[in-house]
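Participant: Spelled out, the chains give:
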Amino acid sequence: MRSKQENNKKLFLLNKLKSLDVQNYVLIVLMILLIVSISFVNPKFLRLRSFEAMINNYTLEGIMALGMTLVIISGGIDLSIAGIMPFSAIIYAYLIKAEINIYISMLIVLIIALFLGFINNFLRSLLKVHPFVVTLAMQLTLKGLNLVITDSQVITDFPENFTKLSNVKILGLSIPILVLIVLVIFYGVMLSQNRYFRYVYFVGSNPRAAELSGINTRRYFRFIYMQSGLLAGIAGIIACFIFNSAHASYGTGIETRVITIVAAGGASMIRGGIGNIRGTVLGLIFISMVYSSFIMSGISTYYQDVVTGLLLILAVVFSEKFREINIKTNIFKKREEENV
Amino acid sequence: MREKNKLYKQIIENRLTTLIIISIIIILMLSILKPGTFLNYSNFSGIFTTMSFDLLLSCGMTIVLIVGGVDLSVGAVVALASIISAVLTKRGMGVFFTIIITILVGAIVGIINGILVTKFKLAPFVATLGIQSIIRGFCYVTTSGYLISGLSPAFTNLSRATIVFIPSLVLISVILSIIVGILLKKMNLFKQMYMIGTSPKSAEMSGIPADKLKVFAYMLSGFFAGLSGVLIASRYGMGAATYGIGFESRAIAASVIGGAVMSGGEGDMFGTMFGVLIVAVVNNAFIQFGGQAEWQYAVSGIMLLITLYADRVKLSAMRRRGH
Amino acid sequence: MAEILICEKICKSFSGIEVLHDVDFSVKEGEIHALVGENGAGKSTLMNIISGVIKPTSGKIYKHGKEIVLENPLDAFKEKIGIVHQELSIADNLTVAENILIGREPINKLGFIDRKELNIQAEECLNIMGISIDPRIKAGSLSVGLQQVIEITKVISKNIEILILDEPTSSLSEKEIQNLIQLLKRIKEERNLSIIFISHKLNEVEILADRTTVLRDGYVIGTLKREETTIPKVINMMIGRDLDYHKSMLSKNDFGNVILKADRLFGKGFSDISFEVREKEILGVFGLIGAGRTEMACALFGYDKLNSGEIMLKGNNLVIDNPKKAVENGICYVTENRKELGLFLTKSLKYNTIASSFEEFNKFLGVMNEKKADIVAEKYVKELQIDPPNINQNVFEYSGGNQQKILISKSLAAHPDVLIVDEPTRGVDVGAKEMIHSILRELANNGMAIIMISSELPELLKLSDRVMIMHEGIQKGTLKNDNLTEEDVMSLAYAEG
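Protein chains in written order, with numbering that gives the first Met the number 0: chain C, 0 to 339; chain D, 0 to 322; chain P, 0 to 496.
Please note that a few of the clues may not be correct.
Here are the simulated DSS-like cross-link-like pairs (lysine-lysine), alpha carbons at most 25 Å apart as the crow flies [unchecked claim]:
1) C/K320 - D/K120
2) C/K127 - D/K120
3) D/K200 - P/K324
4) D/K211 - P/K323
5) P/K27 - P/K200
6) P/K304 - D/K120
7) D/K120 - P/K200
8) D/K211 - P/K304
Honestly, the hints are just simulated from the structure, not real lab data.
Chain C with its partners taken away, still in its complex shape (with noise of 0.2 Å):
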């Protein structure tokens, strides 16, 4: 009995660390061999403030990646992001200018997207039609009504508070970066510890027998594409705090980075249940990091849309074959006879 608990103790540590998985192993080694090349090019790129600067260009991929990424594991997906994120920034740029408080402006916003979420699910089981289609549709409605209010002007000239607030640093970072920080760490928790995030899995990989046993499926769809709206909101909020203006057309092309980065970190995009928060973190560090080994290396950053197709193909492609192996090199299969 005795050794049997500690032989299984043993295989609990090999299986902590078979629980990264392949996907994670290639994304870390990649990014160390990006690090390696780009040092020999550019040796400042060692510095902190130089990674710094690299996840700063990808503070919104990154607060909307965490909501993706649920999204994703329920087996769906969100375009409108690319509409939501523009559209909570116009708002909140009006707000601002018409002199409400900078904090219930926050508040009004976040409101309004969240409830572009509960729209974007209410339209999905409505329509019955893959949430790609609902979600384009809405992405749509959402870029058009950005450059319709706007008249495709930029907003600018923000008041002094905000302007304040946004050069505030804590700890010698900005507020952006924090908030991404926050985020990424409350997703973290919740996705690992807190039992209504788990459910994502459930409903993900199999949401009929979530539905038996008692889970209220619609209901927790609603809560996916809705924290998915309310994450667009607060980056439409944070892209005013980083480029101290808005425009429509902000968030062009956002939606598949985000994807890619979410991809990347392993999520399946084949079938649902399959993905963690670590997962799209490494996949936003190695992102972040390939756009920003474009710009020390002198090349062109317009490279930055093509990279991302390719490395949303090549994740997608990859990933189903790392599971593949996970499932072949996994020790409990085999061991599985003296366990019972």
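The hints should help you fit chains D and P onto chain C, whose structure is shown.
Facilitator: Using the frame of chain C, we list chains D and P on its own:
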């Protein structure tokens, strides 16, 4: 009484008649409410110009939807094609070869989409979204964001000429979509595509070369996007990386309005033609009343949702009647 | 032993067709009650009623003598009835503990999962089951057998009194099955649990069941006590049929040349299958569900992967890696899953008929020859007496029997030399059944080689010239049909070794 009821029912159930009636109603309403700005030559030529590009894209989109896929990359291919054709003409290549090469590039992009969907089993929207990003990015890279203008008159005349008072652009797109419409109705090959979209597994089990035909469908979509891009470059006299943004959803909306379904197996090019007309006219209505061209994105999004809803209602009505 | 659950005169109809007729069924406290029957006998329907998934059309359910009404699965859990469905509902990315205690996780003051407590509770549940799996590992890293055990643990830990297992062994290895059987016996003893066990594997039933109830065509044929339960007896009850159905339709043919020869086929779900089939011959392939017959046919047809083995068609070696190639070479397959793998439900009869032979309907430059298609469709409508005879009607509007005929005409239109039919009369009424049988005989008489896969012995014995018997993926032998009886076939199917 009963007869009348039947007729009414038939009209509602025949999509094409419904679409024609809807288009007439919208056009009449606009003519009555905005006689000055709607009913004039420049407005109409504007409508027809944008319609032509959409019509060409919708030819491809309808075919892709029929096989049960979707192609989100077409907008980006339009931009790519406009740039390629602009660069080629500027380098002094003849109009004919420019068109051929550009369309070929479009078709190759389509084939890549098709291979990703069939061989690598990617969800169509993921694959084509990725390709969209790659191509759009490539367009920005090659142009560095600049427009490529100063194209030869030989090239620009291609779409600016009129034949018997009809702009050649309109003529090309309408004739091509009529041809596609007829092919969809008549050709053995396309009949098989309908079967694939209806039930991909049954099609494979029946020995229909499903993968090959899917790749072919995506290729056609790329082909038409390429052609559309050439004509845009010719019409506006330049190539630009920003062309075609949001075109894919307009094409999807038009096809779905015309009778295609997102799950595949249905689609009718003649319906799609009226779908394109309705999208264009509604768009114009927003511009007439809202005064801004930017309404076009919002309109295509909303129209797509409304159409999906109408289909949903129709489907549940059919279920209730016991089908 | 008192009876814990009594079902009284349960009837259930689906869209007007009664699938359960006045079923009486009871379970005693602390017994393992096996429920057996062929496909479509109504086992799953009955279990779905007891577990609240569907509601009966009429009839009553009593538990401990009190009538209970089950509106949904949660009601059933409240009545302490738990079901483990054939498909597992394990979330791969959650830990074993979370899977077991889903919906009942202990949480701490912050609303977070109390991992320590969770793991302790899960460990307790697992200990009761007598297995030591670390509850902290991800459920996805376990084998299917262990996942099955986790699923059972999850259900039992809800303090249920009646456990329903729907074909729990269908995807397990021999070793895993043995483990499961030991486990079930033990927990039955320890917890005084009543277990309803659905299975098609009669040897398991014999080992495990205290009582066995046999269903056939929606009727209860009888309930056997443990000492009465023998495999031949159960089989007899399972497959006994009306006499007139058994009229032999054997041919007096001289068979022609060997058309198709399969040599040592291996693949997923079957191994080492060899057979040959000749012109004018019907080769029956018998096996219950899980025998690997459909898997073998799909691999032969190029839809699934054939791991190894040779296929000879008219003496030529042939590699078939996709269905298109099979059809081109004159092998057609009439699937058992006509709605998903066979028909195009929202398309017309005409297009369904020509779906395997599109290439033949080219006029010029690839224009579809609609007229020829009309003629071909009309021809099969007439020959197979499809009703209503409207070639432009959508296939989903036809009855099951007519859909089956349309499916057969799809294959016939491709002019096959070899026709593989898989459960050709499943979900088909008696009249259409008879009709399909004579069509198949007629086709064979006209020179076609037919492989008929079926789990219905009477139809196999009626039609096939030889019967190949498969059981759990293995070929048990091939018998010539000289007054072959059901017992002959069954005893070979369940013969050891």
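Participant: Each hint needs a verdict: does it hold in this structure or not?
Facilitator: Status of the hints after comparison with the structure:
1. C/K320 - D/K120: Since the Cα atoms of C/K320 and D/K120 sit roughly 12 Å apart, the hinted pair holds (cutoff 25 Å).
2. C/K127 - D/K120: Holds: C/K127 and D/K120 sit about 23 Å apart, inside 25 Å.
3. D/K200 - P/K324: OK: D/K200 and P/K324 at ~16 Å, within 25 Å.
4. D/K211 - P/K323: OK: D/K211 and P/K323 at ~12 Å, within 25 Å.
5. P/K27 - P/K200: Given that 25 Å is the threshold and the Cα spacing comes to 22 Å, the pair holds.
6. P/K304 - D/K120: It holds: about 17 Å lies between the C-alpha atoms, which stays within 25 Å.
7. D/K120 - P/K200: violated, 36 Å
8. D/K211 - P/K304: Status holds; Cα separation ~20 Å.
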